[in-house]
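K.L.:
Listed below, chain by chain, are the residues.
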Amino acid sequence: MLNLLQIELYKIYKRPRTYIAFAAITAIVLIFQFAFKSDGQSYMNLMLQNVQDNFELDKSKAINGYFMCYIILNTLLVQVPILVALIAGDAISGEANMGTLRLLVTKPFSRTQLIVVKFLASFLFTIILLLWMAILALFVSLLIFGTDDLLIFRVKGEESQILQITQDDVIWRYFAAFGYAAIALTVIASLGILLSVFAENSIGPIVATVCIVLFFTIVSNINVPIIDKNIKPWLFTSYLVGWKGFFYIGVDADGQPIKGSIENWLAIRNSLYILIGHIGLFIGIAIYSFRKKDILS
Amino acid sequence: MKPIIEVSHLCKKFKQFTAVDDVNFTVYKGDVFGFLGENGAGKSTTIRMLLTLIEPTSGNIALFGKNLHKNRKEILSQVGAVIERPDLYKYLTALDNLNLFAKMSGLKLSKNVLLEQLDLVGLADRYDSKVKNFSQGMKQRLGIAVSLVHNPELIILDEPTNGLDPQGIADIRNLILKLSHERGKTILVSSHLLSEIEIIANRMLIMHKGKKIVEGEVNSLLDPSKTIVKIETANIQHTFDLLSNSIWSEDIKISDEQILLKIAKKDVPFLSRFLIEHHVDVYLIQPLHSLENYFLNLTKSTTNVESFTN
Amino acid sequence: MRKKTTYILSLFIIVQQFTHAQNINILVANTKSKIEQVKDYTALGKMKTNVAFLKLPIANVKVYFKNPNKFKLKSEKGVSFVPKGSMNINLNSIFTENNFTIIDAGSEKIDNIPVRVAKLLPNDDNNDLVLTTLYIDPVRLLILKSKTTTKESGTYELKMNYNKYATYSLPDKILFSFNTKDYKLPKGITFDFDDGTTNSSTPKTEKYKKGEIEILFSNYEINKGISDDIFK
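Chains as they are written, first to last, in the working numbering: chain W, 1 to 297; chain B, 1 to 310; chain D, 1 to 232.
With the rest of the complex left out, here is chain W:
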């Protein structure tokens, strides 16, 4: 099994396609850093809105490495599912398309093992992609922009809030957030693998995965109460942004942030359960379908 996983990782490592994801992330992060280095103030003005009527804020301090990482993750984690789909949606269908699937399936291991290995390989790919993101978006940002307190601009229901997290309370939140994001993206990977079982070219499942994610995301962002209540909880995409929960710092009765706290850990935990449930469901269906499938490619 480990042997098979090595082989899968070797294949991913050797494929030119793999590096598209890394190149895309690098480009996006660098563009962000350049843009904020040259004109982060206007973004701050947009986020602060009329707060500046009452308060002054040292914006150059507010635009620090931690803040940059949050902004980059906020945008990037919407795009990264596409990059994960690029690898996962190809897992089985790509082999079918190349004609190697029929060879793989005649090797002395079970189809279940093959799916599990494909899944683990996609999972590791996702982790490595996130590590790369962490290096660029967090550590490189910290090098360029320095460390300071993190301001979180948040819309909570009808309210908007600005949360301040002191700099000694930030880094663990990023580790937790990256961990969460890994699980969220693994849901995408599982969906990609599931769809790739049914196709004989890799474009179909990749596009289908991306379309499903986009469609669900759009629906869950319509912001109409009837959808928020009845449909949104059923869409796994609603939980993809749950990593932000780690940055919603808990506050005391006075409205003072409590260092080291999270406002709603239960919501995050439940989201994680739901996401892990989806991974299990998608991979389960993928294994079931693939075991029954006649390989005609």
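Hints are not guaranteed to be accurate.
[What the hints assert, rightly or not] Within a straight-line C-alpha distance of at most 25 Å, the following computed SDA-like cross-link-like pairs (lysine to any residue) qualify: (1) W:K156 to D:N179; (2) B:K108 to W:T112; (3) W:K259 to D:K77; (4) D:K184 to W:N264; (5) B:K15 to W:N97; (6) W:K292 to B:S77; (7) W:K259 to D:V82; (8) W:K293 to B:S77; (9) D:K232 to D:T42; (10) W:K292 to B:K70; (11) D:K48 to W:V251; (12) D:K77 to D:L44; (13) D:K173 to D:V117; (14) D:K232 to W:D39; (15) W:K61 to D:N60; (16) B:K211 to B:Y28; (17) D:K72 to W:N45; (18) D:K184 to W:V219; (19) W:K292 to B:E55; (20) D:K46 to W:G250; (21) W:K156 to D:K48; (22) W:K61 to D:K70; (23) B:K265 to B:D251; (24) B:K13 to W:R291.
[Unchecked claim] Just a sample of chain W residues kept apart from chain B, beta carbon distances all over 10 Å, derived: (25) L48; (26) D58; (27) E158; (28) L266; (29) A267.
No wet-lab data here; the hints were simulated from the structure.
Quick caveat: nothing in here was measured; it's all calculated off a predicted structure.
By construction, the Cβ of each residue, glycine as well, lies at the ideal position given by its N, Cα and C atoms.
On the provided structure of chain W, position chains B and D as indicated by the hints.
P.N.:
Chains B and D in isolation, oriented as in the chain W frame:
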């Protein structure tokens, strides 16, 4: 002789379409077993069932005397296969591909061993080239090298000469003979060309429209002193029963609205007399001269058979 | 006899003080001159912000003052939201304008301390300041509370508690109240995580809401001289 492949009552239905219909055959150790039939005859579907790519609708397959379904892993570790186009990882080199599939079989082979394998198929000098730069013939040979890398007992080659130039065909043919004679491998090779099977196989099976037509020693099937006679009568089932209980019972087949009978050429007049003496209303008695003729006849009349596996 | 003299004397002083205090102009002037004995100071402060939409930790700040009206509030470390026009939280700046009409608005009690109420009206119509109301403890000559109405920033209120540095008219604690506008980010800009606990029941009728800033001061350094560079 030890049977390596035993297939009994094998059926595969794709929705309404019956691709393989009650096929039985046995391949023995050391055989080069020719699997002959037109495109769409059911060869590929049968081969894919032997390799667990397709689940049979019914019937039994045993390899090495064991049930395939129950002993899948153990059996497949002793089988090497090239199925139709021998597609490999295009973005990897010949050596990397070979190494990858060796690892999949749990083998860690040294570069020298792998190069030896490539040398067997004449690709040692191209070990470092990416497969995407290979010709069809080279890919085919690399595919065979991949199928051999774990030193399997049984090698299954599905249309290995398809799309190759005459030199490529000759190379593959020599390779198969070498594997059989020098290494004692059991080989099942499918083709739609009788001429090919005739040269390399010692036993053969002809399939047509999903059904087995004939199975046996190539030498005796292609014996020029024997002929296949096609018979059409008013009551085909009655005629079949009659012949089955007579001296003609040895090599008799009933299919569609006809009976096929293999007899010595000189016996054809006796057959006519026998039928008439038994008051059979004969529409047609037609000697097909040889198996080759018979096969050609078959393929000519079935050029429009749908292909479902490729 | 001696007892009686003491009694009369003290009564005289009280009456004297009362009549003295009657004149609000003199009370304001005396309070002002008490304040003005501080030429400059620095102090450390712990600033707590109570604004509904701001969830900020207590900030360590340092304040600098140099007369007549240089004032600066700096956060010691970290990002901090400093109330705009932080001049407003410095009493010493209240009297920078000399051109006032002072109106006596009677007496009141703040935390059980009797105070005199003085309304300061700027004579210059173009001044942003509309009205400042001072609540002065006539005994200690300390301003306990001030209320300022401006044209631009509305009304804000300042409450002071004195202790150690009462002799310099420097408070140990101030509470600055002001009106804030509602903060509203456009939906969809942040792609926030909806954990299902949003309370849409909170009424959003008033456009303005109260905000409060509380600063506890310590470590005053008074009249030690400060470089002007700090205020740049």
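K.L.:
Are the hints correct? Go through all of them and say.
P.N.:
Against the structure, the hints:
Simply put, K156 of chain W and N179 of chain D have alpha-carbon atoms about 22 Å apart, close enough for the 25 Å limit, and the pair holds. Annotation: proposed proximity of K108 of chain B to T112 of chain W holds, straight-line Cα distance about 23 Å (limit 25 Å). With a C-alpha separation of about 16 Å, the suggested pairing of K259 of chain W with K77 of chain D holds against the 25 Å cut-off. Note on K184 of chain D and N264 of chain W: the hinted pairing holds, with a Cα-Cα distance of about 22 Å set against a maximum of 25 Å.
Between K15 of chain B and N97 of chain W the CA atoms are separated by roughly 24 Å; this keeps the pair inside 25 Å, and the hint holds. Pair hint K292 of chain W plus S77 of chain B holds up; C-alpha atoms about 21 Å apart against a cutoff of 25 Å. At roughly 21 Å between alpha-carbon atoms, K259 of chain W and V82 of chain D fall within 25 Å of each other, so this suggested pair holds. Pair hint K293 of chain W plus S77 of chain B holds up; C-alpha atoms about 21 Å apart against a cutoff of 25 Å.
At most 25 Å may separate the alpha-carbon atoms for a hinted pair to count; K232 of chain D and T42 of chain D meet this at roughly 16 Å. Proximity of K292 of chain W to K70 of chain B is assessed by CA-CA distance (about 15 Å); at most 25 Å being required, the pair is judged to hold. Straight-line distance between C-alpha atoms of K48 of chain D and V251 of chain W comes to about 13 Å, which keeps the hinted pair within the 25 Å bound. Annotation: proposed proximity of K77 of chain D to L44 of chain D holds, straight-line Cα distance about 12 Å (limit 25 Å).
For a cut-off of 25 Å, the pair hint linking K173 of chain D to V117 of chain D stands: about 21 Å separates their Cα positions. Distance check on the hinted pair: K232 of chain D and D39 of chain W sit about 23 Å apart at the alpha-carbon level, within 25 Å; holds. Our distance criterion of 25 Å between C-alpha atoms is met by K61 of chain W and N60 of chain D, whose separation comes to about 16 Å. Note on K211 of chain B and Y28 of chain B: the hinted pairing holds, with a Cα-Cα distance of about 21 Å set against a maximum of 25 Å.
For the hint linking K72 of chain D to N45 of chain W, the alpha-carbon distance of about 23 Å falls within 25 Å, and the restraint holds. The hinted pair formed by K184 of chain D and V219 of chain W meets the criterion: a straight-line CA distance of about 23 Å does not exceed 25 Å. Of the supplied pair hints, the one linking K292 of chain W and E55 of chain B holds, its CA atoms being roughly 8 Å apart against a limit of 25 Å. Simply put, K46 of chain D and G250 of chain W have alpha-carbon atoms about 21 Å apart, close enough for the 25 Å limit, and the pair holds.
Simply put, K156 of chain W and K48 of chain D have alpha-carbon atoms about 23 Å apart, close enough for the 25 Å limit, and the pair holds. Simply put, K61 of chain W and K70 of chain D have alpha-carbon atoms about 24 Å apart, close enough for the 25 Å limit, and the pair holds. Only pairs whose Cα atoms come within 25 Å are accepted, and K265 of chain B paired with D251 of chain B is accepted, the gap being roughly 14 Å. Proximity of K13 of chain B to R291 of chain W is assessed by CA-CA distance (about 18 Å); at most 25 Å being required, the pair is judged to hold.
Even its closest Cβ contact with chain B, about 50 Å, leaves L48 of chain W beyond 10 Å, as expected for a residue assigned away from the interface. The claim that D58 of chain W is not at the interface with chain B holds, since no C-beta of that chain comes within 10 Å of its own (minimum 52 Å). A cut-off of 10 Å between C-beta atoms confirms that E158 of chain W is not in contact with chain B; the least separation is 53 Å. No beta-carbon of chain B is positioned within 10 Å of the beta-carbon of L266 of chain W; the least distance is around 45 Å.
At roughly 44 Å, the least C-beta separation between A267 of chain W and chain B is larger than 10 Å, which holds for a residue marked as non-interface.
Of the numbered hints given earlier, the model fails none.
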